[in-house]
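Protein sequence lines correspond, in order, to chains A and B.
So the first sequence is numbered by the working numbering: it starts at 2 and just counts up by one.
So the second sequence is numbered by the working numbering: it starts at 10 and just counts up by one.
Everything labelled a hint here was simulated from the structure, so no lab data went into it.
Since this is a predicted model, take the numbers as computed values, not measurements.
Incorrect hints may appear among the rest.
List time: in silico DSS-like cross-link candidates among lysine-lysine, alpha-carbon distance up to 25 Å [claimed, not checked]:
#, chain 1, residue 1, chain 2, residue 2
1, A, Lys66, B, Lys46
2, B, Lys121, A, Lys66
3, A, Lys74, B, Lys114
4, A, Lys30, A, Lys178
5, A, Lys174, A, Lys65
6, A, Lys112, B, Lys57
7, A, Lys74, B, Lys121
8, A, Lys65, B, Lys237
9, B, Lys98, A, Lys65
10, B, Lys46, B, Lys57
11, B, Lys98, A, Lys112
12, B, Lys57, B, Lys98
13, A, Lys181, A, Lys112
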Amino acid sequence: MRGNNMQVQHLSVGLVLLAIVMLAFGCTKPYRITHDLEAPTRAAASCSIGDIIDELPLDFEEEKKPTAEDIAKFKDYLQEELSKRDIFGSHSQGDPEADYEVTGSIISYEKGSGWLRFLFGFGAGSARVTVSLRLIDRSSNQTVFAGNFNGIVTHWAELGDEVFSQVSKNFAKELEKQRKQFSRRK
Amino acid sequence: MKAKTRYLFYPLLTVLLFLLAFPLPVLAAANGTIILKSGQEYRNVTFKIDHYYKVVTIFITDAMIDVSFNEIDSIIDNEGMDVTNDLLKRLHKEKKRSRETWRSKTDPVIKKARTKLWNTGIRFASNFSLPADDYYEGIGEGIGFEGDIIVAVTNNVALRFSVSKSGMQFEDPKSSFSPHPDTLVTAEYGINAVRYYFSAEYYHRPDRKTPGRSIYYFYSGLGAINHKLSFDATMYVKSTRELFIASDRASETKFATTCGAGMIQLLSKNIGIDLGVAFDMIWVRSHYNDYSYIGVSGYIFDMKLGVIALL
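Model the full assembly from the supplied sequences, consistent with the hints where possible.
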């Protein structure tokens, strides 16, 4: 009986500690802004999704990198998320005439394994990406908003390319939030 | 372990395992000179490195600047050493890339790299089986053999079909007794267990299929085990010198699940030594009583050593 009580106590302490750690972990934002928006973007302006370049370490194996198809999907997600939030007047890809351009660098990437996520969970087979995304004002050729965005998929029901969707959502969400702060100040 | 130590050991172990699986941002402070790819230099500054977001925070008078790893050209420490690779965990100084260089999945280089290293594996092995739990009471370990056909579905996933004959035997296969001073009975028991499994296997693919490389795998699957039991007895009556012979055979098949792991050490491009362990659970019977669900199981632990051909 005493042994059972001890086990319950161990479990309770463990769960409380785990809850604290998970809370700390959960409070961690999936992105960090390195350049805040200093002036509102022009609402009627056009925005184009530009190059997403490879800045993974040089010895990163070629077959483990995202493919051109993954990057095309990522650009589609970015365009879709920016359009959904009406951040600019028009949204396109690869338009050299656009007023603003979103460019990015992939600095870390793990493709992960859906099968491992299904079989084990607990982080095994997770897909992860860190993308440095920038919004450039073409008129001045200056970065007006930038940050590093993490995407992570740990659940078996999600596909690995969901990491790009998460990054796109967070980028558009934070850009919209910062734009709205200027509107409120007015 | 003392009670107080034990009180904290398991909770702390849980938290440690969680932290290992999901590392929190790790911040390390240092001093030095940071040169950005844009040409800007921050001389003799204090900075913190955040590997979670891949951002370096530079502390300059009354301000903080966040810079992404990819914008940094080099970090020079106070002794003039380039410590970029050590601090940012980059193995090489990155070149400034300005254009997209992603390869299509139909590109021959990618297709070749993602091509399966083998399609079919044929494996023969001996196994040392150790049965356990009530169902196998009185049955001891033994050496058997098995064969598998493993079909690679992708570079990491395979399907495995296995047939295995376990060498486990009765601990006392032969017994003699005298029910009467005039009579001697000799009985012999035998068991022949054959397992059939269909499993899904995950394996770690080496870069190249060359001698010396290792393939690690684990699998789990479903199947059945068939037990063939034999009983042969003779009864000798001394006074009449009569000999009576009796024998019986029984067969029983049970649902079974398996999981295992192992390693293949390649001896040549196509042949390897396979070393593995497995744990099988035999579902013997189950029923509900008035209060709860009762299940009776048997277990078999296996150690395996064999040869595999990867074709």
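Results for each hint:
1. A/Lys66 x B/Lys46: Holds, because 23 Å separates the two Cα atoms, which is no more than 25 Å.
2. B/Lys121 x A/Lys66: Holds: B/Lys121 and A/Lys66 sit about 14 Å apart, inside 25 Å.
3. A/Lys74 x B/Lys114: Within the cut-off at roughly 13 Å; holds.
4. A/Lys30 x A/Lys178: holds, 14 Å
5. A/Lys174 x A/Lys65: violated, 29 Å
6. A/Lys112 x B/Lys57: Answer violated: A/Lys112 to B/Lys57 is near 28 Å, above 25 Å.
7. A/Lys74 x B/Lys121: holds, 23 Å
8. A/Lys65 x B/Lys237: violated, 50 Å
9. B/Lys98 x A/Lys65: holds, 18 Å
10. B/Lys46 x B/Lys57: holds, 18 Å
11. B/Lys98 x A/Lys112: Holds, because 19 Å separates the two Cα atoms, which is no more than 25 Å.
12. B/Lys57 x B/Lys98: holds, 14 Å
13. A/Lys181 x A/Lys112: violated, 35 Å
Going through the hint list in order, the structure does not satisfy hints 5, 6, 8, 13.
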